[in-house]
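*Asks:* Listed here are the chains, written in short residue letters.
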Amino acid sequence: MTLAGFFSQLLQLAIALLLAPLLVGWVNQCRAWLSNRSAPSLLLPYLMIRKLFMKDAVVAEQASPVFRITPYIVFGAMCCAAAIVPSLATDLPFASAADAIALVGLFALARVFIALAAMDIGTAFGTLGARREMFVGFLAEPALLMVLFTASLISGSTSLPTIVDTIAHREFAIYPSLAFAGVAFTMVSLAENARIPVDNPATHLELTMIHEAMILEYSARHLALIEWASALKLFNYSCIGLALFFPFGIAVGASDWLAILGAAPALVAKLAIGGFCLALIETLSAKLRIFRAPEFLGTAFLLAVLAMLVNLLLGS
Amino acid sequence: MGPNLLGLVIAAIAAWLAIGALGLVRPRNLAFVSHGLFPAGAAVGLALALVAYFAIGRLPQSTVLPLGLPDLPFHLRLDSLSAFFLLLLGAASTAISFYAAGYFRSEEGAAPGLLCFEYHVFLAAMALVLIADDAYVFMVSWEAMALSSYFLVTTDHRIPEIRHAGFLYLLIAHVGAIAILLCFGVLQGGNGDYTFGSMRSLVLTGGWPSVAFFLALFGFGAKAGLLPMHIWLPEAHPAAPSPVSALMSGVMLKTAIYGLLRVTFDLLNGQLWWWGVVALVLGLATALFGVIFACVQSDMKRLLAYSSIENIGIIVAGIGLTILFKSYGKTLLAAITLTAVLYHALNHAFFKSLLFLATGSVLHATRERSLGKLGGLIHRMPWVAWTALVGTLAIAGLPPLNGFVSEWLLLQAFLFTPSLPQSFVNMLVPLATGALVLAVALSAYVMVKFYGVVFLGRPREPHLAYAKDAGWYERVAFVWLVAGCVVLGIFPVNVIRMLDPVNAMLVGSTAMHGGGGSWLLLAPIDAGRSSYSPLIVLVVIVAVVLLTIQVVHRYYHGRVRRAPPWDCGFPLQTPRMQDTAEGFGQPIREVFAPVLRIERHLPSPFDTAPRYAVKLDDHFWHWLYLPVANGAEFLARLIGRIQQGRISIYLTYSFVTLLALLFFVR
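Sequence lines, in order, name chains A and B. So that you can map any letter, position 237 of the first sequence is 237 in the working numbering, and since no number is skipped, the others follow by simple counting. So that you can map any letter, position 592 of the second sequence is 592 in the working numbering, and since no number is skipped, the others follow by simple counting.
Just to be clear, a hint being listed does not mean it is correct.
Stated by the list, open to error - Cβ-to-Cβ under 7 Å is the rule here; a few derived chain B residues that face chain A:
1. 49
2. 207
3. 396
4. 468
5. 471
6. 473
7. 476
8. 536
9. 538
10. 559
11. 579
Stated by the list, open to error - Now the stretches of chain A that chain B is said to cover, found in silico as 3 or more residues with beta-carbon under 8 Å:
12. 54 to 62
13. 128 to 139
What the hints assert, rightly or not - Away from chain A, derived, C-beta distances all over 12 Å, residues of chain B:
14. 59
15. 143
16. 144
17. 146
18. 168
19. 328
20. 368
21. 449
22. 522
23. 565
Just so you know, the hints here were simulated from the structure itself, not pulled from any lab data. Positions of the beta carbon are idealized from the N, C-alpha and C atoms, including for glycine.
Isolated chain B, as found in the complex:
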């Protein structure tokens, strides 16, 4: 059996809760909270990551805690899938907690101790979601996660936009939660046993498996930001403090992916191929939608939030492809695709957390969130800028960093699809591949825009010259996340070996068993078919760079003269002449104009005080959400008519109800 790893995980959760509770003891004491509690939380995160790392590939451990309602104890279970996501949670939260230690200031929003409480409850709830083994614990911790993150999002609740964003988040979280609850209702199949163990052994018949799958896709999709339930994400992420944005984007979205994987591959017995097609199409639509909107954003945190939507879309598309392969019995290909999915989830946790934390430092140093008022920060904030550069390159999917590995695996998986028997699916593949590579190429556009406008160029506002670099806590967090991006990028074979127990558990095959690769060479099927070795690529590029520098300096010279920029001889240059974020996104806005809802305000030629304005909006908001909201309001007003405020009328209602019940029930 080995060591009681599940016990250690539960201990970590308890430790987080205890740290949170300690925060309430002295809520106004910033030094105690930031130098004592948050680093302790980071240590717990690191310990959790270590425990989870050793738990992957071991036999599942389960336990029953006598908590909760009578007759409804907490069933907990730690298997490879849970362990992998716990590893993700632990590794990312280590950095984020450490960063938070240096981030929160006393004058901003809620008291630091209160934040510390909400933050650690959030962490503990996410961990509990991952080890839940019955629907009851799952829903309780899922709700705890939603509520604690709601309070974290609305930290600065005095600002109306933030309250609005929080409300939207809470609303959609609950619409999703209802779908998940219904999904569990379908999965238990009418026998009243809500443990996952009984759901696993139950074989649903007829259309019920499909109903369960689509409820799960909808419910977890709402949490993950899948189309059309993505609407809360670009509102909530910018509203939250940066460590919270990082935690929500890097980790919380992954709990939804975890839920989807758990229901689809573990709780449901057997998958149908057309679920895969739906998930694939939905995922790709989400990815393209997210990345196009990210291109045209001018708020740096909104840009990153849309980029998260894109990444979630890619992950869900990968899940769709896994379902396709699995349903046709191609387990090896399913394992490769699932590896890409898990790998991308892990990658996204690292680079998106890194970038959100970087925006936090920029925000603190400059008080600006709008891209149009930043620029040139690489000179003032080298730590933030250079670490963010690694994150930028990783998220743009460039070799030899980690984002490229998962994209490489996913593209390989797409290339294997023609071996499927269904010709309709085969026709779909070129289009799907095209959509995927388009999304990936556009994400490079987004990231060049993000990095170039924020960190490069010249400062667009004078006060940026006084920006201060991040503190030590923040630097440690950046370095940890950068190290994660690099290690995940350079040693893919070792990472995939680590992921293989999860593949074996979910799709019944490992991704590495057929390969002709070694620790150096990633070759999923065999080396003649495809192979990739980031370490060799990195070594060659670095060697060529060093050699060229040496040769040039030895045989010629290394003299450098500094002068004003040439700019085609144009002498009058101001920082305002650089592209703004809007300018950089303008070509994309023109090309994808039908996807966006653009409201332009152009003044007439005779306007003495002309104002130009462009407002970009989401079609979904106007086509889907506003009609639904108006309908709900209309219904509420109708129902509100029976509310008269007079006791005699209410008594009449009760009397009529009683009569009706007596009539029908008897």
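Pulled out of the complex, with its shape left as it was, chain A reads as follows:
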């Protein structure tokens, strides 16, 4: 473990924790602009998290310890994921502990825990949310894995830093398989992050909720951690997308501190553009009925399988 590696690892985790709420604030701002509303402050998510930490936690009478420990575990899993996704540099000592498959496993761990916590209270909305979340997840998770597999077939490795090294290092070439994978990944990210057209993060209509229905009973610090973890999840997915499809600017290999510091503005710029695109997609599409979600995700899954097939057929 080099000193630079250790430094880039810590810096990356810190930047992920700090920037994640900002990304959410940015997306919300873009959404407001695009729909001709006056935008909330960019810092609103931070203020919200701070306010929630101050409040007294209200926990349902029949809640078991599963309910109370879940926010911490979800937050921990997302931090773990943030440490292995190469957003600034690929020289990450921790990344060898978990590869792309383990990354999907970490997301699944968070999903299962949050679904169990939703069922713990025993309200109608909680179980409804848990059921829908698992329903979305069972198609989204394989699709995400297939996207990552396509990238790992190109680079011959499932380790995320190695994938980014390979894709960024080669001379500029268009991989047809990555085009399919990119579309599939965008669709999966929308579903996994509870975005329109599968879910609506700003909904107040209980019957259409997925993610929000699961966390209805959370308050105060528990809710703050869940919100922060959701922001981290969006950040992680954005970084995976950027790392797989636009790996330019990431400090590649055993690099010096300057390159790592130079990667930070590039990351912010890419995230800003990515966030705007997300807001654009959300504004331009309508929410699907829950039973149309399998078609949407099935398409993503088939596209990802197709990407793998194309990769094997064309060898690129």
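On the provided structure of chain A, position chain B as indicated by the hints.
*Replies:* Chain B in isolation, oriented as in the chain A frame:
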């Protein structure tokens, strides 16, 4: 040569038989059986596991026992493959026997001593299957295993459904046994020597190796629950008492996997690539089928039984991939795949036994098996609930527990497949990978449903408030199995080192020799290609959790107020408003409707006493089993016509037969 480990294994088998026989001495004395005999059986299991652990990687030991028929003595042999499965048997049965000590009650079904006898004969027969070295011992112990487990399944034989389930189990076990017998017949190649040693040295020619392989796949598949012979599994597992379900699902299915591995990689010389394709496709179909059916079950033991079908499917798919790699001479990849297979078999023995035992405790505490009448048990039964949570997470394939390790290895193996020369196989891989990850993701759905409905939420029936937690024997068993799940999940490198002699024996390579990993880092090929370290992942998650709790409580506060649930301000809430098992499985039922056979009964709008009913059934039952059963019945009726019940007619038959024989034989 070292110590006589085979002798110790035989001694353990004899000890089990003796314990079983002691049970017959005082069959009605519950205290003697449960506090004396079952713990003794558990101790023997532990000893067997230890012996087997030391036997892995040693030179094979063999012996001939002067038992059985004249000229047909028992050939026994202990090699690494046998030792690994004996370890699995010993480790799982330790917990299950201990659990059984606290489980059986005197008023239920057969006498406890009789159960103890059948149970230990079952254990001994499974161990004997694993060390058999000729077809004769193998078939004798295989049949002993089938019969003893049949009697265990039909413990509550006064209930017609249980008798029916037992009959189905016995029938399919014997259809499978016939195929295995024929397989050995093919393998001995006409020289009349049924020892495995002679089968090993024999090279079959022409299509005979394929015939032998498919007979083995069919025969052992019937025992393992492979499509389309899976039909007995969801009937027999719920019918049996829970320790027996655990033993059947956790261990007995693995003896079938053992048999398949033994025949394919040890007794047959050389494998053909298309066997691998068939096994792969069949395994994946079984996995998907099992998991989809598990999603829509509303009986907790049936749900687990279908989940067993899924896991067996994954294991067989792994065996198919191993055959593919082996037939193309890629021994290192074959070793990695085989490691995944063995690892998953071991994992499944632990977490599925754990969950079946947990359902047993729930069943005893609540008398309910239907998911729709459970709920909220985490408050009343914390020991069962928290240990079952570990099993649930493990079986859902989540890091850092054991289920994830074997799935990780198997997915790695799939990613290596493009290096195969056959382009047709390469095209198959993305589809196969997709099917596998779909099955794995669905198993998380199943497990959230299982755990959430049984242990979380609010009790759906008032009497659940009086449920009692499991007793001490049961708790020890749970803790042992949880420890197994955690250790297998956290220290994969050590486990794979232990498995490597088996790989070396079956596919001629070890999985760990090329790796750049250390004890901490699992890296099958090299660290740049793929690596995984569950211990680091666990430490980081736990560290973040503890740190967050500390920081939040220090800089803010840890105040908690208890209040009624908010539920969007809806005040009238009853436990009936929670999702039932049917409700939770409903989306899957809609998406996979063509796979299921759904019979709905919807009342008309004018019905004054409306009843809604949905019945889910298996297409195989209607498309395959019922036609075969009807055909058999038709034939039997035809043949029955010659049975007239009058002696003179029978004498005429004999006379005609004699004449015909004289005519033809002369």
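*Asks:* If any of the earlier hints don't hold here, list their numbers in rising order.
*Replies:* 1, 2, 4, 5, 6, 7, 9, 21, 22, 23
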